[in-house]
Structure formats: C-alpha cells, structure tokens
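Asks: So you can see what is in the structure, the chains are spelled out below.
Protein chains: 2
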Amino acid sequence: MTDSMTTRPPGRPRSERAEKAIVDATLELLAEETGVAGVSIEAVATRAGVGKTTIYRRWPNKEALIVGALATAKAPVPPPVGASAREDLLMVARALAAGRRGPHGRCFHSLLGSAEKYPELFARYRQDVIEPRREMMRAALRLGIERGELRPDLDLDVTLAMLIGAFGMPASQEALPPDYPERVVDALLRGIAL
Amino acid sequence: MTDSMTTRPPGRPRSERAEKAIVDATLELLAEETGVAGVSIEAVATRAGVGKTTIYRRWPNKEALIVGALATAKAPVPPPVGASAREDLLMVARALAAGRRGPHGRCFHSLLGSAEKYPELFARYRQDVIEPRREMMRAALRLGIERGELRPDLDLDVTLAMLIGAFGMPASQEALPPDYPERVVDALLRGIAL
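Chains as they are written, first to last, in this note's numbering: chain A, -14 to 179; chain B, -14 to 179.
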C-alpha cells in the first residue's frame, strides 16, 4: 500500500493496466495443467510483472483473485428487454455462445475438475459468477411467462440446465455454427414432440 | 508377456481383477489435480500393484489406457427399444444421470481441461467413448421420428446437446433430484412456448 499512492497521475490507466495484467496472468495459470494448484499470488505477480502488494491491494487472497478473474472473463448476460421471449432468450443464448470463445472455458473445466478439492472456492464462484447470470436468465423466462408467451408451468431449473448445457456440450474445443444460438432457442421453445 | 501365460488357471478371474485395479488406478490418477499429466504407465502400475508388463499386455500406451479406462467407467447408453419415444429418451436420460454419479465426471473435466494440450487423446476419447453413445441417442430420436412421435424436422445436434448438456449443468457436484430425468425429457418433448 506504499508506492503509487502519492505519485499516481490523474485517472487510473496505470492501475487498470496492472489489473488487466493480473487477471490475464491468473487465467493463464488456471488454464495450465496444474489448474487451481498452479495459481499462487507469487506466480501471478511474476507473470503479470507487478508486485505482490499490487495484487493484495485489490484481492485479499488467492480464492478472491481466482473468482474475480473468472468473473471478469465471463461475457455478461444482458437483462431481458422484453421485445419477445424469443428475442430475450436469443440474447442469453448469444451471450452463452460468446462465453465459450473466451479464455473462460478451459479455466472453468480446471475449476470443475478440482471443485471437490476446493469446495469454498467453487461455492464462491457459484455465488459470485454463476448465480447472477442464472438469475438474469430466470428473469427472461419469468417475463416470458408473465406476458403469456411461455408455459406458466415451465420447469425453470430444467430449462436453464438445457439452455446453458447446450452451449457446454459440443465439446468445448469446437467453434459453434453462427446460427447455433437461434437453433437452440427454437428447439427449446417448440419442443421436439410432434 | 511372460508370467501367467502358462500358469494361468482356467477362467480369467486374476486378469480381470488386475484389469479392474489398473482401470481404477488410472481413473484415480486422472481425477487428481495434475490430471492427464499425472497419469503414466509407471504410476498406474505402482498404484494398481501390478507390473508394467501387465498393463502393456492390454493397452499399448498411456493414451489407450486413459481412453479405455474412461470407456469402462461410463454407464452404457442402452439401445432404443421403441415402446415410445418418451420411454426411449427416459432410458437415455437415466443413463446420463447414472453417468454423473461415477468417477467419470471429474475425470471428464480433467480431460476437457487439458484437451488443447492432448488433442489426439481427446479425439480418440471422442471417437471411442462419446460418439458411440451419441449414436445410440440419435437412434432413439430417429426411431421416434419414424414412428411419427417426434417432429420430422427435429434438429438432432441441438437436441442431443440440450439433452446431454442438461445433465452436465447443475454443477457436477450436486446430486440430481430423482425425478430429474423425467423432467428433462418432458421439457424437451413439449418445449417451453405456450
């Protein structure tokens, strides 16, 4: 908490650059083979080219740093605007498709792979990153129900699992076809029964 | 290829026990933090309490061993029997639910997490483990279409992704409610639009 406190120029370009370097370094380390075990404040500081103090100024510990970096990397899910349920779900689906492309995908598997070993880290990730996104998706579904476009007896949990799961599935490595979000939303809306 | 070739008793209980020990050791190592990198013929032999020769007799290399162990661990997807599309999909969904409970889940995330580092391993896993299962699911869907129960214009890829994805999603740690397979199949069949 010493340097830069007095000499910092107006605005925060330097600390923002440092923050980005720290987040990127954390995600890189997470994506590497040792996953969560390979992330330490020391290793992140070295890779980001910053002092450990600079990291501790913003994140109190390794868990907070990992969850914070993952939260930053996730494409946000926009709130429903309500033109139609289909449009709102399409926005969600497009955000999910965008999320696959970032560095987040591989990190997510690292995290899931060691979730049993770091239950608190995972719980925090769920609370800070997953739940706010799911809540936005539930809002889109509830709005659709209110407006009489979606079934009132809709199974929210299962619907979310199918919608989110559809974007996790065709093995994370592959690029999705550009019309994939639309195909998922339409299949979800219409169902597969004749 | 020396011991046990001449002295083996009738039947194969001993080699089956060895095979099970080898598969279990491979899955345990895979599930540990270093994932694919932590699996070596040497480490598996030590943990399983067998000689390396015993492993090489059955699996020519580490990649074959990992894919073989994962294939063994996966609950099989039964072929459709055709009582109804709903019944066939329910059998698929129950197999997917059962697959979450085994040791396979965590190993799968280890594998996905390092898929970029081991592209051939992942390709082989996809070909030997994922594809045969998907083909069985497609068969259930095609049978449902033929019998006029499912939409003829059904998007097979998206349907599979939603069905499989629904079982990957509610974070792999949690137990699923017992009626979950039924809820997924019914949501999939009926769709969510009013």
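Source of the hints: derived by calculation from the structure; they are not laboratory data.
You may find that some hints are simply not true.
Since the list gives no way to pick one copy over another, a pair counts as held whenever it fits inside one copy or between any two copies.
What the hints assert, rightly or not - Straight-line alpha carbon distances no greater than 30 Å define the calculated DSS-like cross-link-like pairs of lysine-lysine that follow: (1) K37 with K47; (2) K47 with K102; (3) K102 with K59; (4) K5 with K59; (5) K47 with K59.
Source: prediction; values computed, not measured.
Asks: Cα distance capped at 30 Å. Does K5 pair with K59 within a copy, between copies, both, or neither?
Replies: So K5 and K59 pass the 30 Å test inside one copy only (14 Å; across, 41 Å).
Asks: When Cα atoms must be at most 30 Å apart, do K47 and K59 count as within-copy, between-copy, both, or neither?
Replies: So K47 and K59 pass the 30 Å test inside one copy only (19 Å; across, 34 Å).
Asks: Cα distance capped at 30 Å. Does K37 pair with K47 within a copy, between copies, both, or neither?
Replies: Cα proximity of K37 and K47: one copy only (11 Å, versus 39 Å across).
Asks: For K47 vs K102, is the C-alpha pair at or below 30 Å within one copy, between two copies, both, or neither?
Replies: both (15 Å within a copy, 25 Å between copies)
Asks: How would you label the pair K102, K59 (within, between, both, or neither) given a Cα cut-off of 30 Å?
Replies: both (23 Å within a copy, 22 Å between copies)
In this structure, none of the earlier numbered hints is contradicted; all agree with it.
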